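S.K.: Residues per chain, in single letters:
There are 4 protein chains.
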Amino acid sequence: MNKAVEGLVSQVLACQKACQICFDACLKEDHVAMMAECIRTDRECADICGLVVDFAYRESNLFSDLVAVCVRACEVCATECEQHDHDHCQQCAKACRECEAACKAFLAA
Amino acid sequence: MNKAVEGLVSQVLACQKACQICFDACLKEDHVAMMAECIRTDRECADICGLVVDFAYRESNLFSDLVAVCVRACEVCATECEQHDHDHCQQCAKACRECEAACKAFLAA
Amino acid sequence: MNKAVEGLVSQVLACQKACQICFDACLKEDHVAMMAECIRTDRECADICGLVVDFAYRESNLFSDLVAVCVRACEVCATECEQHDHDHCQQCAKACRECEAACKAFLAA
Amino acid sequence: MNKAVEGLVSQVLACQKACQICFDACLKEDHVAMMAECIRTDRECADICGLVVDFAYRESNLFSDLVAVCVRACEVCATECEQHDHDHCQQCAKACRECEAACKAFLAA
Chain A
1 MNKAVEGLVS QVLACQKACQ ICFDACLKED HVAMMAECIR TDRECADICG LVVDFAYRES
61 NLFSDLVAVC VRACEVCATE CEQHDHDHCQ QCAKACRECE AACKAFLAA
Chain B
110 MNKAVEGLVS QVLACQKACQ ICFDACLKED HVAMMAECIR TDRECADICG LVVDFAYRES
170 NLFSDLVAVC VRACEVCATE CEQHDHDHCQ QCAKACRECE AACKAFLAA
Chain C
219 MNKAVEGLVS QVLACQKACQ ICFDACLKED HVAMMAECIR TDRECADICG LVVDFAYRES
279 NLFSDLVAVC VRACEVCATE CEQHDHDHCQ QCAKACRECE AACKAFLAA
Chain D
328 MNKAVEGLVS QVLACQKACQ ICFDACLKED HVAMMAECIR TDRECADICG LVVDFAYRES
388 NLFSDLVAVC VRACEVCATE CEQHDHDHCQ QCAKACRECE AACKAFLAA
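Chains as they are written, first to last, in the working numbering: chain A, 1 to 109; chain B, 110 to 218; chain C, 219 to 327; chain D, 328 to 436.
Rather than coming from a laboratory, the hints here were simulated on the basis of the structure. Treat the hints with care, since some could be wrong.
[What the hints assert, rightly or not] Keeping only pairs whose Cα atoms sit at most 35 Å apart, straight-line, the calculated DSBU-like set for lysine-lysine is:
| no. | chain 1 | residue 1 | chain 2 | residue 2 |
| --- | --- | --- | --- | --- |
| 1 | D | K431 | C | K246 |
| 2 | A | K104 | A | K3 |
| 3 | D | K431 | D | K330 |
| 4 | C | K246 | C | K312 |
| 5 | C | K221 | B | K112 |
| 6 | A | K3 | D | K431 |
| 7 | A | K28 | B | K203 |
[Stated by the list, open to error] If you want the footprint, here are the derived chain B segments under chain A, 3+ residues with CB under 8 Å:
| no. | region |
| --- | --- |
| 8 | 135-141 |
| 9 | 148-161 |
[Said to hold, decoys possible] For the chain C half of the interface with chain D, some residues (derived, Cβ under 7 Å), not all of them:
| no. | residue |
| --- | --- |
| 10 | L245 |
| 11 | V250 |
| 12 | A251 |
| 13 | A254 |
| 14 | R258 |
Only a predicted model underlies this, so the values are computations on that prediction, with no experimental measurement involved. Cβ atoms here follow ideal geometry from the backbone N, Cα and C, with glycine treated the same way.
Produce the complete structure using the sequences and hints provided.
M.R.: Rendered as structure tokens:
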């Protein structure tokens, strides 16, 4: 695996982790109703990140296509998480934005 | 793929579908807070079902191990869904119980 | 889930199954070396199909993005499988082409 | 996520990565036929590891069940990889054995 992909994978793994933790934490919040969209986007973003990592290791021709979907998944999840003050949401938003930037940089290279 | 596995796969696919639909519907309910555990178990059960189907088609040696985990996932999800009156929960509970029974029958054969 | 998505899901499930069976059968062929690229594309296509089904049931906003990736995965896998005379490859190629067409029709609608 | 789970996740991620790289490298070997079983077990082990990580982050009740399946997947994959001299197989075998040990230690704790 080349350095560019290796670096991207770290960001995607960090984003996936943040999304899974935020998903879990949102379900434990007092006001779950407010977190419904966050729960949904956390799961979607984590799912996409998981597939991106999977394909990165295998040097798939479809890798770039999945990275492009990951940009969208991160944007959607970050935009949602940024609306909530919970630490886990803020951390998730940050991880999503960093992952989004890393994906865009990879695609532009 | 032999008949026994083929039959099991149908049940697992039906269960996975019911869990995904219930997950989505729970997030749209007025009282999401009451559905938090349901949302969690729906996702887990759907994830396990997905892997079971995946391994069924490939005739993996680990198939039975995963079917055994699927029994547990279905039990947990059905027990949770049975506590809620929503149609999607009742349908999900039914699909989980049928899948649980099919998994147990497969393991006993 | 609306009718259009429901119909698409059937095609994607059939494609995923054909890819998994072809992956398994390719590994059992006498000339595995000739099947290397087929094994790779079978796995990739099955993985993408799995995620498409997963997101279909949850009415995700990212669904169309994944369906577009699925078009590409089916094209790549079908093109590879069409080069081999094995029944499992021919059946996989057929399932991939039908899935590709269904995905394109869905995106065009 | 507690320290014990965090440590386990690192091992599982390393194992998953080694399996994916070995899968890809096996398909590029001159004698793919000899690698057929390795290709199969690499994929299975990577799939199970992926689900273990996924469930670890979400503190699922089914986590231990999946860790137990992971022990088996690692054993099977390591036993296969240990028979091949390729660097990627040796590295994969090592990662699988370390993951297997980490999973067993976690379950025993």
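S.K.: Would you mind marking each hint as holding or not holding in the structure?
M.R.: Right, here's what the structure says about each hint:
1. K431/D - K246/C: holds, 32 Å
2. K104/A - K3/A: Holds. K104/A to K3/A sits at ~16 Å (cutoff 35 Å).
3. K431/D - K330/D: Holds - the C-alpha atoms of K330/D and K431/D are around 16 Å apart, at most 35 Å.
4. K246/C - K312/C: holds, 21 Å
5. K221/C - K112/B: Since the Cα atoms of K221/C and K112/B sit roughly 29 Å apart, the hinted pair holds (cutoff 35 Å).
6. K3/A - K431/D: Since the Cα atoms of K3/A and K431/D sit roughly 33 Å apart, the hinted pair holds (cutoff 35 Å).
7. K28/A - K203/B: Distance of about 26 Å is within 35 Å: holds.
8. 135-141: The restraint on the region 135-141 of chain B holds, since 5 of its residues have a Cβ under 8 Å from chain A and three suffice.
9. 148-161: holds (count 3)
10. L245: This hint holds: L245/C lies near chain D, its Cβ roughly 5 Å from the closest one there, short of 7 Å.
11. V250: Cβ of V250/C sits 4 Å from chain D, so the hint holds.
12. A251: OK, holds: A251/C within 7 Å of chain D, min 4 Å.
13. A254: Result: holds, 5 Å to nearest chain D Cβ.
14. R258: Holds, because the Cβ-Cβ distance from R258/C to chain D comes to roughly 6 Å (cut-off 7 Å).
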